[in-house]
Amino acid sequence: MSMVNWFKYASPASFYPLAGKLIPFFSAITAILLAVGLWISFFMAPTDFQQGEGYRIIFVHVPASWMSMFIYCVMAFWSALGFILNTRLSGMMTQALAPTGAMFAFLSLVTGSLWGKPMWGTWWVWDARLTSQLILFFLYLGFLALTSAIDDPRRRDKAGAILSLVGVVNIPIIYFSVIWWNTLHQGATVSMTKAPTMAHTMLMGMLIMALAFWGYTIAIVLKRVRCIILEREIASEWVKKNALE
Amino acid sequence: MNLFSTIYCMARRDLTLALRHKTEILTALFFFVIVVNLLPLGVGPDPKLLSKIAPGVVWIGALLATLLGLPRLFAHDYQDGTLEQLSLSPRSFTLIVLGKIMAHWIVAGLPVVLITPLLGIQFNLSGPIIGVLMLTLVLGTPVLSLIGAIGAALTLGVRGGGVLLSLLILPLYIPVLIFGAGAAEAYRAGLDMTGYLWLLAALDLLALFFAPWVSAIALKVALE
Amino acid sequence: MNLFSTIYCMARRDLTLALRHKTEILTALFFFVIVVNLLPLGVGPDPKLLSKIAPGVVWIGALLATLLGLPRLFAHDYQDGTLEQLSLSPRSFTLIVLGKIMAHWIVAGLPVVLITPLLGIQFNLSGPIIGVLMLTLVLGTPVLSLIGAIGAALTLGVRGGGVLLSLLILPLYIPVLIFGAGAAEAYRAGLDMTGYLWLLAALDLLALFFAPWVSAIALKVALE
Amino acid sequence: MNLSVKDLSCQRGERLLFEHVSFQLEPHQWCHVTGENGAGKTSLLRLCAGLSSPLSGSISWGGVNIPDDLDGFHKDLLYLGHASGLKEELTPLENLTLMSQIDGQPATEDAILSVLSFWGLAGREDLPVRVLSAGQRRRVLLSRLLLKSCPLWILDEPFNALDKKAINTLYDLLNNHVSQGGLLLVTSHQPMEMAEGIVLSL
Amino acid sequence: MNLSVKDLSCQRGERLLFEHVSFQLEPHQWCHVTGENGAGKTSLLRLCAGLSSPLSGSISWGGVNIPDDLDGFHKDLLYLGHASGLKEELTPLENLTLMSQIDGQPATEDAILSVLSFWGLAGREDLPVRVLSAGQRRRVLLSRLLLKSCPLWILDEPFNALDKKAINTLYDLLNNHVSQGGLLLVTSHQPMEMAEGIVLSL
Ligand code: HEM
Ligand SMILES: Nc1ncnc2c1ncn2[C@@H]1O[C@H](COP(=O)(O)OP(=O)(O)OP(=O)(O)O)[C@@H](O)[C@H]1O
Ligand SMILES: Nc1ncnc2c1ncn2[C@@H]1O[C@H](COP(=O)(O)OP(=O)(O)OP(=O)(O)O)[C@@H](O)[C@H]1O
Ligand SMILES: [Mg+2]
Ligand SMILES: [Mg+2]
Chain A
72 MSMVNWFKYA
82 SPASFYPLAG
92 KLIPFFSAIT
102 AILLAVGLWI
112 SFFMAPTDFQ
122 QGEGYRIIFV
132 HVPASWMSMF
142 IYCVMAFWSA
152 LGFILNTRLS
162 GMMTQALAPT
172 GAMFAFLSLV
182 TGSLWGKPMW
192 GTWWVWDARL
202 TSQLILFFLY
212 LGFLALTSAI
222 DDPRRRDKAG
232 AILSLVGVVN
242 IPIIYFSVIW
252 WNTLHQGATV
262 SMTKAPTMAH
272 TMLMGMLIMA
282 LAFWGYTIAI
292 VLKRVRCIIL
302 EREIASEWVK
312 KNALE
Chain B
877 MNLFSTIYCM
887 ARRDLTLALR
897 HKTEILTALF
907 FFVIVVNLLP
917 LGVGPDPKLL
927 SKIAPGVVWI
937 GALLATLLGL
947 PRLFAHDYQD
957 GTLEQLSLSP
967 RSFTLIVLGK
977 IMAHWIVAGL
987 PVVLITPLLG
997 IQFNLSGPII
1007 GVLMLTLVLG
1017 TPVLSLIGAI
1027 GAALTLGVRG
1037 GGVLLSLLIL
1047 PLYIPVLIFG
1057 AGAAEAYRAG
1067 LDMTGYLWLL
1077 AALDLLALFF
1087 APWVSAIALK
1097 VALE
Chain C
877 MNLFSTIYCM
887 ARRDLTLALR
897 HKTEILTALF
907 FFVIVVNLLP
917 LGVGPDPKLL
927 SKIAPGVVWI
937 GALLATLLGL
947 PRLFAHDYQD
957 GTLEQLSLSP
967 RSFTLIVLGK
977 IMAHWIVAGL
987 PVVLITPLLG
997 IQFNLSGPII
1007 GVLMLTLVLG
1017 TPVLSLIGAI
1027 GAALTLGVRG
1037 GGVLLSLLIL
1047 PLYIPVLIFG
1057 AGAAEAYRAG
1067 LDMTGYLWLL
1077 AALDLLALFF
1087 APWVSAIALK
1097 VALE
Chain D
12 MNLSVKDLSC
22 QRGERLLFEH
32 VSFQLEPHQW
42 CHVTGENGAG
52 KTSLLRLCAG
62 LSSPLSGSIS
72 WGGVNIPDDL
82 DGFHKDLLYL
92 GHASGLKEEL
102 TPLENLTLMS
112 QIDGQPATED
122 AILSVLSFWG
132 LAGREDLPVR
142 VLSAGQRRRV
152 LLSRLLLKSC
162 PLWILDEPFN
172 ALDKKAINTL
182 YDLLNNHVSQ
192 GGLLLVTSHQ
202 PMEMAEGIVL
212 SL
Chain E
12 MNLSVKDLSC
22 QRGERLLFEH
32 VSFQLEPHQW
42 CHVTGENGAG
52 KTSLLRLCAG
62 LSSPLSGSIS
72 WGGVNIPDDL
82 DGFHKDLLYL
92 GHASGLKEEL
102 TPLENLTLMS
112 QIDGQPATED
122 AILSVLSFWG
132 LAGREDLPVR
142 VLSAGQRRRV
152 LLSRLLLKSC
162 PLWILDEPFN
172 ALDKKAINTL
182 YDLLNNHVSQ
192 GGLLLVTSHQ
202 PMEMAEGIVL
212 SL
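Chains as they are written, first to last, in our numbering: chain A, 72 to 316; chain B, 877 to 1100; chain C, 877 to 1100; chain D, 12 to 213; chain E, 12 to 213.
Everything labelled a hint here was simulated from the structure, so no lab data went into it. One thing to keep in mind: the hints can contain errors.
In silico DSS-like pairs for lysine-lysine, Cα to Cα no more than 30 Å straight-line [said to hold, decoys possible]: (1) B:1096 / D:176; (2) B:1096 / C:1096; (3) E:86 / C:1096; (4) E:86 / D:175; (5) D:175 / E:176; (6) B:928 / C:1096; (7) D:17 / A:311; (8) E:176 / C:1096; (9) D:17 / E:175; (10) C:928 / A:188; (11) D:159 / B:1096; (12) D:86 / B:1096; (13) A:188 / C:924; (14) C:1096 / E:159; (15) C:1096 / B:924; (16) E:176 / D:176; (17) C:924 / B:924; (18) D:176 / E:175.
Computed footprint of chain D on chain E, listed as stretches where at least three residues anywhere in the stretch have a Cβ under 8 Å from a Cβ of chain D [stated by the list, open to error]: (19) 42-49; (20) 56-66; (21) 85-97.
Only a predicted model underlies this, so the values are computations on that prediction, with no experimental measurement involved. In this text, a Cβ means the ideal position worked out from N, Cα and C, and glycines have one as well.
Model the full assembly from the supplied sequences, consistent with the hints where possible.
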């Protein structure tokens, strides 16, 4: 029985109003969590005795890094779904997710290197984790470049789905290859210095920020999907009747 | 109409086309040679430095040489309508694609493997290291052609295809590059390198199994 | 029908075509970025080694990025008959060709120059060296586009053109590479580098004067 | 074996080209698809060849939905479209040899040479297709009609670029095919000078 | 201004296509080049447009040998060949805008739009040419006849792929051009339904 419901929302016509209702909800959650998270990270969390105030960048850096990896998996999930069930919505979801994923990957790179300058004395090192994050960013760019270069929507959906599935198969391979590349040659010149035990408030702040990023992602993706739906189905009856009033 | 006849007949067809102008094969080779030879001009002639970076650079050269031929893998057949006809063939489209990929490897990958000893000598690499380098190339370059075919199929008929293709494919090539160059480096450092070789072989199998099939799907999408 | 209107109208046309899909410009750029980023993966992450070879590698990357777009410089226009129509235009064909070359540089050369600081940071280059590197690129990349156009015109419609083109053009690029990478290297070693810069500027003028004209002749031959 | 098209609709971009097109083609029958430029004739033919998938509706060959057994359908089909599918660098002889292999019906060199001279291309077998004239290219393409034996022909403007003699030769071939139990789906902007057939106006 | 062709011979590979072709075309006259597939019609037209050079013989425009003032000749010439010269990625509107600039006679957007709707392409101005049908592409190409004003038209099989209505429109245009003092050199495998002209059989 519950399957029936799912399929109902897999059609753009019924997903569109649902998404419209969900957006304010998630926007509100995001705003609250962001406020709390930022307050914790800037005022509650104590100054680190080793790293000074600069370490506060962690509250953006870590959640952004998590999100960037997670979003790629979600894209692959939607793509697989699109291939198996042949739903139109999945292509739109994949394309709506990609820019946000790329944005978080970029944010992770930028905040990481901003942090790297005071910590390691250099903006960039060829460390395994940094390199694999960079490659992830390139995978996002590849996806964006491909989908924006194809203007027939059906072909765009399918090509995007193939690319994100191939990419997600490769991600573990890339991840391990980069780790071995980096550690087998020679000792890494600079390695990530992790705080030995993370302070409780710090962890709290990070988790709340991560949740806020989740909320943001959901809200913005729903918004983008609505735009894509409108653009694609502008000619269809339900858009003329319901959506454009 | 069986498996091998289809692969063989497509591969032979593409090789005939490549051989029609003998330059086709020779130039892929010379591109590789020239790219690798540009390096000393760019980074200076210090022999110790050069022999240190040589295996990695040979691998990057091989990768770019493969890449260079990729846009043409399906593009000609697409433009002149042959691909449409191929998809109308009663033979399996996946196998047809596999035949084309094999021809691409024979034209772009194999010559690169065979010329490597010469470059190795230029960069003062020892015999055994050259051997290892060739072994990794034999194992690795087919993966490059196979994965590349997916990219070529996805970007078919898309404007800016050649460059877009590189953008899609180069990140996916990175494991091959790392395992390939890594094996040679590990051998030089006296470490065990069989792990790398097994990994390359595993990639080979994986790609051989999936890439022609995925490319065929992508091509059908492009033809719609 | 004067000089500038012809150049401007052709350059604008080609840029419109490139901008039709915004990816066209971005991908040339990202190809460059990715190629340069492959290097550490091939030769290992030692920062001292990397910062030593970085300027040379940036130059080789720029050269390959330019090269990659060259086959498309005239090929599309040739295949669909536009080139024929352009040669039937009452405007000067040499200027039309110059306009196309300029558009190619704006798409392939300029972005490469502008992204270089970022790569410099990745490879730990100091500010002044990055400045010098950018200066040599600004002076050198137009020569690459100009000379490349001759090669693109000569290989037009020839099968295997893309690879053949590299074969013809790369040797001609070598002086540019040597002067360009040499200037950065000289600066780092504390030597005088103005000589190199003057040589690059001279190449610029020479190429600007002859390349469009020679390319136009080669194109007319290809069209016969 | 018959070709049966039911309730076909086709959309390109945001434009609905045609809706509810149905027809049935039996052996010994042929169908002339007519319509203005851009009416959707080529699109219909490509749908029938299984080259693209319709917005709605179904196409079946011998009672089997064509996506269900695409390779089997393609064994029975010869489709010649606007694009030539000839390799510019190869000679007509080589082109046809390769195509016949791909079709799964390898032809001998003699067979191909005699078909080529049937089309007036004797003496041109060894030139690359690149230097042939527009009409000669089309003649090479049409040689496949004699090399692949299959019941269903789908031809998109096959008369284009042909001179009068070649047009008559082609008419003879088409008539012959239909009278021997073949099926033919064809577009052309000139009226067809053939025994009566189904006309489908888009 | 007249086009005068004297004693022209043309060789392709080792094949002599034609020898000693001479004719003269004055304003108000048109010439129909006929011949079998591969007779050398396209080759002759390309020679006359200055796109390739003959084995022997000369072609002059207004008494001047055309290689002596190629740019001047091209100002007076409109040549439409087998290849379309349209950019697949651009819209008809953009294609024609750019072409008119290259022709040195920039046309306004309004002018182009009205020409396009004259050819029945209203509503298609903003689609990339890639998605247009074969006949619609040719219509876009033929729009140049109305945008570049010049005395000499050289058209290679301009009726290809057109439907009946478009063929009639094109006849009107050609008749009009000739009667207003233009010159026309044209090939076509169909008989031309126009007032009498010179016929040149290759
Ligand atoms: C451009 C530079 C950097 C990049 C691309 C980068 C990337 C990443 C990525 C992808 C993660 C998530 C990995 C995971 O959770 O497994 C991460 C987590 C983290 N990063 Fe960075 N990072 C950079 C610089 C830095 C710097 C300079 C520091 C501090 C010295 C730092 C500290 C951390 C910490 C503490 C975590 C959380 C670790 C964990 O959850 O296990 N990062 N970074
Ligand atoms: N993306 C799109 N958006 C809008 N219209 C499109 C799109 N793609 C194709 N079309 C239209 O679909 C039609 C395709 O027609 P098709 O090629 O089937 O025509 P045809 O009947 O074969 O014409 P011709 O006689 O000229 O060959 C054209 O009218 C074209 O303008
Ligand atoms: N290199 C060559 N060697 C021999 N013959 C050649 C060569 N190049 C071209 N030809 C011949 O020259 C002729 C070119 O003819 P052209 O294209 O002018 O014909 P056409 O009259 O326009 O024919 P169509 O009606 O088919 O368009 C063809 O017969 C071709 O076979
Ligand atoms: Mg059509
Ligand atoms: Mg002709």
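Inset, instruction - Would you list, in rising numerical order, the hints stated earlier that this structure does not obey? - result: Per hint list: 1, 2, 4, 6, 8, 15, 20, 21 violated.
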